[in-house]
Amino acid sequence: MPELQNVVEVAVTAAGYYHMRGRGRHTHAAAVTSEGSLYMWGANANGQCLLPISSQSVVLRPKQVQVQLPGFEASEPSLPVLHVGCGVEWTVLQMDAPRGSTEATGYTKSASSAGCSSSSDNHSSYAYRVYETDAEPLMGQYRHRQVVPFVCKLREVFWGMQEVDHGRDGRGNDGGLSFTGTPRLEPLAQLACGAFACCLRARNGELWSFGSSSGPDEANGSLLGQGVNRNPVTTTAALGFQLGPPLPREMARRVHMPDGAGAVVSVSGSSYTFVAVTDAGVAYSWGDSDGGSLGHGQRRCNAPFAINPRPDPSYIAAAAEREATAASTAAERRDRHARRANRALEFQELMRTTLLSLVGGGLIPDEDEDDFDEESDDSWDIPSDSSDSEDDYIPVVEEVIGGIDRCGVQEGSQSGTGDTVRIRNASVSYTNGALVTHDGTVLVFGGGSWANGISDSEGHTEMVPHNAHMRQLVWRGVAKGYAIDSLVLAHRHAFVLARKVPPQPLAACSSPSSPLPRNVRKACED
Amino acid sequence: MTTLISEPNDTWDPILAEVFSCLPASFNDVLACVNKRWKNLADSAYWKPDLLLYSWGHKLSAGHHNSDDEDGDHELNLNDFEANEDERNWIGAPKMLECFYSPRPSFQIQQVASGDYYTLALSLDGQVCDFIQVFQLLLTIYMHSIAALFFTAFVDRSSSGGSRF
Numbered sequence: 001m002p003e004l005q006n007v008v009e010v011a012v013t014a015a016g017y018y019h020m021r022g023r024g025r026h027t028h029a030a031a032v033t034s035e036g037s038l039y040m041w042g043a044n045a046n047g048q049c050l051l052p053i054s055s056q057s058v059v060l061r062p063k064q065v066q067v068q069l070p071g072f073e074a075s076e077p078s079l080p081v082l083h084v085g086c087g088v089e090w091t092v093l094q095m096d097a098p099r100g101s102t103e104a105t106g107y108t109k110s111a112s113s114a115g116c117s118s119s120s121d122n123h124s125s126y127a128y129r130v131y132e133t134d135a136e137p138l139m140g141q142y143r144h145r146q147v148v149p150f151v152c153k154l155r156e157v158f159w160g161m162q163e164v165d166h167g168r169d170g171r172g173n174d175g176g177l178s179f180t181g182t183p184r185l186e187p188l189a190q191l192a193c194g195a196f197a198c199c200l201r202a203r204n205g206e207l208w209s210f211g212s213s214s215g216p217d218e219a220n221g222s223l224l225g226q227g228v229n230r231n232p233v234t235t236t237a238a239l240g241f242q243l244g245p246p247l248p249r250e251m252a253r254r255v256h257m258p259d260g261a262g263a264v265v266s267v268s269g270s271s272y273t274f275v276a277v278t279d280a281g282v283a284y285s286w287g288d289s290d291g292g293s294l295g296h297g298q299r300r301c302n303a304p305f306a307i308n309p310r311p312d313p314s315y316i317a318a319a320a321e322r323e324a325t326a327a328s329t330a331a332e333r334r335d336r337h338a339r340r341a342n343r344a345l346e347f348q349e350l351m352r353t354t355l356l357s358l359v360g361g362g363l364i365p366d367e368d369e370d371d372f373d374e375e376s377d378d379s380w381d382i383p384s385d386s387s388d389s390e391d392d393y394i395p396v397v398e399e400v401i402g403g404i405d406r407c408g409v410q411e412g413s414q415s416g417t418g419d420t421v422r423i424r425n426a427s428v429s430y431t432n433g434a435l436v437t438h439d440g441t442v443l444v445f446g447g448g449s450w451a452n453g454i455s456d457s458e459g460h461t462e463m464v465p466h467n468a469h470m471r472q473l474v475w476r477g478v479a480k481g482y483a484i485d486s487l488v489l490a491h492r493h494a495f496v497l498a499r500k501v502p503p504q505p506l507a508a509c510s511s512p513s514s515p516l517p518r519n520v521r522k523a524c525e526d
Numbered sequence: 001m002t003t004l005i006s007e008p009n010d011t012w013d014p015i016l017a018e019v020f021s022c023l024p025a026s027f028n029d030v031l032a033c034v035n036k037r038w039k040n041l042a043d044s045a046y047w048k049p050d051l052l053l054y055s056w057g058h059k060l061s062a063g064h065h066n067s068d069d070e071d072g073d074h075e076l077n078l079n080d081f082e083a084n085e086d087e088r089n090w091i092g093a094p095k096m097l098e099c100f101y102s103p104r105p106s107f108q109i110q111q112v113a114s115g116d117y118y119t120l121a122l123s124l125d126g127q128v129c130d131f132i133q134v135f136q137l138l139l140t141i142y143m144h145s146i147a148a149l150f151f152t153a154f155v156d157r158s159s160s161g162g163s164r165f
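Residue numbers (the numbering used here), protein chains in the order written: chain A, 1 to 526; chain B, 1 to 165.
Accuracy of the hints is not assured; some may be wrong.
As the list claims (entries may be wrong) - Taking lysine-lysine and the DSS-like style, the derived pairs with C-alpha atoms no more than 30 Å apart in a straight line are:
1. A:K500 / B:K39
2. B:K39 / B:K95
3. B:K36 / A:K480
4. B:K95 / B:K36
5. B:K39 / A:K63
6. A:K480 / A:K500
7. B:K95 / A:K480
8. A:K500 / B:K95
9. A:K500 / B:K36
FYI, nobody ran anything at the bench for these hints, they're computed from the structure.
Pulled out of the complex, with its shape left as it was, chain A reads as follows (with noise of 0.2 Å):
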């Protein structure tokens, strides 16, 4: 892309299903330079690429996009943009704030992020800007000062978040409000935009979400992570948007990690599940559990849960229970049934002699075939001449079984070694996760649902339980001398950086051991 220099970050919109998406109609991209400008294109049906709907309804080349935050004059220049998302039809954006940052005194740095978004039914849009305030009753406190309604040019709404900057004219008075206090959020370090969701990342470790709890579609667990699935399903709020003052749940709001759950170095999301690893090297996830996306037992996941990239013996255990009573198929079925009719004449025919022999006879059991299943608590086990609805759930149990069977042995592979599993990087998409250890082992989980996914090596797809866990890939892993650096999962194929280890001390270069050249050494030493 010639039009791109110096470009320091890039986003696509996210993959991921939901209703009434048609595949890459609803794609736009952005790149930020160095110098902070802001190129976007793609889909910009509903001006997520902030350009004028009427004139381009897909800008097909990057072209560079002048933002201007409500609230600032026009005359002002474009504020650089320092990390940029994108969402399905909005963009989020983190920019640089212009004004008090030198002079406002507790902290050197002011940076913003806004949210601009649209949606397609909504024709009179408001803008918001939220400053960041963690408690409710502060929230009632500054009510007509976190509120500021603006009416947008391109049917955009802007909704921000804001560190407590002191003050716009840097002496801590803006409108006559005063903010005390040292700022609670710190400056992002990541903007994780799934469809409908947004996860700011900030360089404290913090993690803040804000967007559509559910999504269109109704997920069953929080897409935001804030422990409540609000559940505000409508078409004009898809993004937490609607109309007049927003709610509080439309402000960004820290996801609730557990406690001792450490810093998060990198969130990651798709359209209906995110996943967010720790410095502890610990993966955890929420959102939509279906197919396995989750990579936990979690059915209704509100809050980050942690994925265990080791087997769980409570799954495993329950996975062999259900396959002792009902993995078999339908001809396995029919001789177990044989072989228990046998067993059931050779029983009648031992208490027939047991009772010949001590009342003398007529005292014969009932030949019917029920009274001797002992199992009859084997709901599953279908007649093989059965015609109803359950002849079609056959074939689902007995693939569901076979995904178990697969998991098991690659879990059982896993489960000889002893070594803490420490997770580099995670990923999501659709119903499909990946993670990626420190040691560059990839671990895939999910994609049991909706568009599939690369469960297996072979690129099959079985439907899975909802708590499936891990499979290995198996793979050399990166070259030697190099670390996993991200993994980046998308619709049935996925990406791993490896970064080159950073060199030893100077101490060990130079030491004789070390593996590299006499002179590389002596310069060490020098």
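Given chain A, work out where chain B should sit, using these hints.
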């Protein structure tokens, strides 16, 4: 040449490393078979690119559509053509993208952003390339357009009492 291969002269190692760095990554295994010195050099990472990119999944999406098949020839079975087609187009485990194995910063990828049919790769020197799925997206749009036209024509004919196709 003898010096390059066998003599343990540190003077030649940087030259060897320079040569190695211009070769495809798949040559490393071959170079490591020459002798111990070459193996040490081939295994060392100091002359290799700072960043490597691996991918797996569907070949067309993962960027391996030009890569040779390491598994040998696939037997063509017309009765199960779709399954064979799927297997042929599938990379089961992460595999290095050789096109980004280069000492040049413009070929080293520092960030990847991937969507349904669109992948952006950001190189070390700030260049952006979109690759892999563009033609797939175009094909999808094309097929949708054809289907829409076909459906429109069918509806028009049906409503006007014309024959079906």
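Do the hints match the structure? See the list:
Restraint check: the Cα-Cα separation between A:K500 and B:K39 comes to about 19 Å, which is no more than 30 Å; the hinted pair holds. Only pairs whose Cα atoms come within 30 Å are accepted, and B:K39 paired with B:K95 is accepted, the gap being roughly 22 Å. This hinted pair checks out: B:K36 and A:K480 have alpha carbons roughly 16 Å apart, not beyond 30 Å. For the hint pairing B:K95 with B:K36, the CA-to-CA distance comes to about 26 Å; that is within 30 Å, so the pair holds.
The suggested pairing of B:K39 with A:K63 is violated, with an alpha-carbon distance near 48 Å, which exceeds 30 Å. Of the supplied pair hints, the one linking A:K480 and A:K500 holds, its CA atoms being roughly 9 Å apart against a limit of 30 Å. For a cut-off of 30 Å, the pair hint linking B:K95 to A:K480 stands: about 14 Å separates their Cα positions. Under the criterion of a C-alpha separation no larger than 30 Å, the hint pairing A:K500 with B:K95 is consistent with the structure, at around 17 Å.
Simply put, A:K500 and B:K36 have alpha-carbon atoms about 23 Å apart, close enough for the 30 Å limit, and the pair holds.
In terms of the numbered hints stated before, the structure departs from hint 5 and from no other.
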